[in-house]
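Peer 1: Each chain, letter by letter, is given below.
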Amino acid sequence: MTDVEESTVEVHPVSFPPEILARISPDLSLQRHLSLGFRPSSRGFEEFRDITINTGDVTRRIQSDDNSVKIPPNNGKQGLGSCVLKQGDVFVITQITGGIIEDITLSKNDMELEDDTELLEITKEHSDITKYSSVYPVVEINRGRMGACTDEEMTISQRLYDSLLHSHILTQDVLRVEPGVRITNEDGSVSIIYPDTKENKEITNALKPKKKWSYVLYAKIEVFGRTGPVYDMCWNSLIAALQSVKLPRTFIDERATDLKMTVRARGRNAVVMETYNLLCDPNESTNLQLRENSISYASTYGIIDLDPEADITNLENNDDVDEPMDEGLETKTVLLADIDGEAEETSIKSTISITACPNGRFKQFSVVGGGAKITKELLMRSITLSKQRSRDITLKVQTV
Amino acid sequence: MNTRTGYLENVDGSCLYSLNSTKVIAAVTGPVEPKARQELPTQLALEINIRPACGVPTTREVNIQDKVRAVITPTLALYKYPRQLCQITLQLLQAGETESYFHELELVACVNSTTYALVDSGIALKGIALGTTIVITEGNKLITEPTDENLKNAKSTHVVVYMIENSKPTNLLLMDSYGDFDQNDVFKVLEQSEIKINELNKNFREYMKTKLNNL
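Chains as they are written, first to last, in full-length UniProt numbering: chain A, 1 to 400; chain B, 1 to 215.
To be clear, the hints were calculated from the coordinates, so they are not data collected in a lab.
Where a beta carbon is used, it is the ideal one built from N, C-alpha and C, also for glycine.
Please note: incorrect hints may appear among the correct ones.
[Said to hold, decoys possible] Residues on chain A that point at chain B, a partial pick, calculated with CB under 8 Å: (1) D151; (2) L165; (3) H166; (4) E178; (5) S214; (6) G360; (7) R361.
[Stated by the list, open to error] Now the stretches of chain B that chain A is said to cover, found in silico as 3 or more residues with beta-carbon under 8 Å: (8) 124-134; (9) 171-177.
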């Protein structure tokens, strides 16, 4: 008996301060927090982070004397629209830039619709995907090191592109370039005529080049201080930035509207080349027309099973009793809104991401269910929350 | 749907899969020794490569890879193979859809063919993943296994993958929807796809049964 006593070593339970436990065992740390009814960030289960949105600040526009906003003369490649979004500790900066490309793939649709904008109005609600356009986003998540883009950046960029295309927010029609004509009047003064009025339309139509151009938009999205999944922030920032986009107006000099040149290639073939010098107007711009009812905002949710063994209240009650833990303890599944932080990101395997319009329609819906089982009730709850969140963000963007 | 397992000779498991005009070869190698940076101390590492039918892999393929990984990871018995690697390579032969607009048909083909190839390779699984594509038309009709034309004129497109354990769909592994739809549509799609996936599961078991009988 004495032998046993001598060889017995008293084991002190090792305990760690919360922040260290969170690093060594994020899973346990998260479960402990959840059992107390809140999350590591001290938010409630269905509480979102606060969001601040500012649009148009990064865009290079200057304020002129008559208080009208104008694009500076050296524009053209500069930012057309922008958004700075702050959610929790994360900053997302989106800059929209653009270019003009020649439309060489004019489909039959375009030809038919040429003089028939009324017909276009009728077919506007048609879902034919070939009528819609997207922007080309590049997402960069800054982590303080250089190198090739990560899979996450590529996936988010591609998802943004797909979602934008399929949400039918941008039609190819609004990106079409309607060039004006620069005319030298009889008295030698120079003026630019845009096809806005009927009268002007006649003039520009007469001088109109045969070629077609369209704007192409790029989005550079930079994420600073990433603390968790960022797709929803990138999407919200992109949509807010798009609403601030102003496209510069373009014109062609009347002398260049139908210029043809003969080019001799290696002295053999004579090819007739048409050149057009499409110029951007430094003072005139138009707002990008988005389809209002397709504007939507994204939110992310996580689903996790509460581990009864990690429940602090249970631990305290059963301090010395060695009961089987499973008995009488039910596993509860909870929905967490707006996943953030290392613990939540690594431990939560089932996620729902919803892009919803304020009116309750969805534009993108993605569920990944690797962990906790996703029930109909949890789906319903996340749907309700996503609609609320979408309305909140809409208000924030509108007040900017 | 047409499947043929054991299509390639030099890998552990493979499958030639075709559905309408989408065609893909899936190859599974594993468990093998991983590269040092892939090795996980407690579980099986997974490497997925998707090669498009035309051209070189782009962000589009990375996006599909990401989804295939999300679906396949929960089906594998990962802790049975610590410090090992499973390599899955998917070569698309025919996309069957306009690649600049869609990836839905290819994603489903990749998931289903990988499941067949994984079973063929003999790697331990917790369940299998089977998926289907559904589109909702302008007239609110649901079409399962759509064609490219259906996709182009659809109001919304949906990919649904279920985990099958004990020959029943148990857990929703993936739902990936684009377009314009509401919550009723979401539940209608989930319901319809469960029926379809049950059917796919029946085909799967039938196929494996004949295969084992012919051994």
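Peer 1: Tell me if A/L165 is really an interface residue toward chain B, meaning its C-beta lies closer than 8 Å to one of theirs.
Peer 2: Hint holds; A/L165 Cβ to chain B Cβ min 7 Å, cut 8 Å.
Peer 1: Answer holds if the nearest beta-carbon of chain B is closer than 8 Å to that of A/G360; otherwise answer violated.
Peer 2: With a minimum Cβ separation of about 6 Å from chain B (threshold 8 Å), the hint on A/G360 holds.
Peer 1: Are A/H166 and chain B close enough, Cβ to Cβ, to be under 8 Å, as the hint says?
Peer 2: holds, 4 Å
Peer 1: Taking the least C-beta to C-beta distance, is A/S214 closer than 8 Å to chain B?
Peer 2: Hint violated; A/S214 Cβ to chain B Cβ min 16 Å, cut 8 Å.
Peer 1: Quick check on the hint: A/R361 CB to chain B CB, less than 8 Å?
Peer 2: holds, 6 Å
Peer 1: Min Cβ distance, A/D151 to chain B: is it shorter than 8 Å?
Peer 2: With a closest approach of 6 Å, the A/D151 hint holds.
Peer 1: Apply the coverage criterion to the stretch 124-134 of chain B and chain A: a residue qualifies when its Cβ sits closer than 8 Å to a Cβ of the chain, and three qualifying residues are needed.
Peer 2: violated (count 0)
Peer 1: Against chain A, does the stretch 171-177 of chain B show at least 3 residues with beta-carbon separation below 8 Å?
Peer 2: holds (count 7)
Peer 1: Using 8 Å as the Cβ threshold, decide whether A/E178 counts as touching chain B.
Peer 2: violated, 25 Å
In summary, the structure is inconsistent with hints 4, 5 and 8 from the numbered list given earlier, while agreeing with the others.
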